[in-house]
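Asks: If you want the building blocks of each chain, they are given just below.
There are 2 protein chains.
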Amino acid sequence: MSVKRIGQVIGIKPEDIEEYEKLHAQAWPSIIKIIKQANISNYSIFRYGNLLFAYLEYTGSDYEADMAKLADEPEMQRWWKITDQMQWQVPETKENNWWHEIPENFHVD
Amino acid sequence: MSVKRIGQVIGIKPEDIEEYEKLHAQAWPSIIKIIKQANISNYSIFRYGNLLFAYLEYTGSDYEADMAKLADEPEMQRWWKITDQMQWQVPETKENNWWHEIPENFHVD
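In order, the protein sequences belong to chains A and B. Numbered continuously in numbering that gives the first Met the number 0, the first sequence closes out at residue 108. Numbered continuously in numbering that gives the first Met the number 0, the second sequence closes out at residue 108.
Incorrect hints may appear among the rest.
Dumping the calculated DSSO-like pairs for lysine-lysine here, alpha-carbon to alpha-carbon at most 27 Å [as the list claims (entries may be wrong)]:
1. K80/B with K93/B
2. K3/B with K32/A
3. K21/A with K32/B
4. K68/A with K3/A
5. K32/A with K80/A
6. K3/A with K80/B
7. K21/B with K93/A
8. K21/B with K35/B
9. K93/A with K12/B
10. K3/B with K3/A
11. K93/B with K21/A
12. K3/A with K35/B
13. K93/B with K12/A
14. K80/A with K68/A
15. K3/B with K35/A
16. K93/B with K3/A
17. K68/A with K93/A
It should be emphasised that the hints constitute simulated quantities derived from the structure, not laboratory data.
Excised from the complex, chain A in its bound form (with noise of 0.2 Å):
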């Protein structure tokens, strides 16, 4: 199997962070089960200031197909509604992303 080992960055609105920490304390399941049916696995968010750091593994076959798919789904628009207005998109965003994708460097297994 192959992982596909992917960074991102985003903003996060300094009056937002509470209740951003809060909500994806206890993320809906539904979000939880849309992600894992996205080949998408040990996926992490970590905030640093007004930053997040998102740490996530793709094992699928196909991340455009499914990436697609997930953001078909009504329940993680639902979600994004809420999250998206918490964040704000870094300069260097490629068009048609949110998050911005960053380089790995460095990575032992």
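Please build the complex by placing chain B on the supplied structure of chain A, with the hints as guidance.
Replies: Leaving out everything else, chain B in the frame of chain A:
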């Protein structure tokens, strides 16, 4: 086996990014071995501009002891002598730490 997931942040000097990435793309086998012996696995470093973001998993039973042992290794010290001068500590870093540990807001296994 319990897994402690750790997120860390440190700065990278713009003029040293290229050299830092070269060095880490071909990290010394001795360093990889020392990291693994310290019960660290699945260790990645990502870069966002002038910030490095590390993700690692600790599977031992005494993190402080394993980190102390790792820090005592002459090869590790030789490595850090090169890499430390390429990095700058973020202001939030705790005393006696080099990288700054950041909290995990969310996790999906």
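Asks: Which hints, by number, does the structure contradict?
Replies: Of the numbered hints given earlier, those the structure breaks are 3, 6 and 16, listed in rising order.
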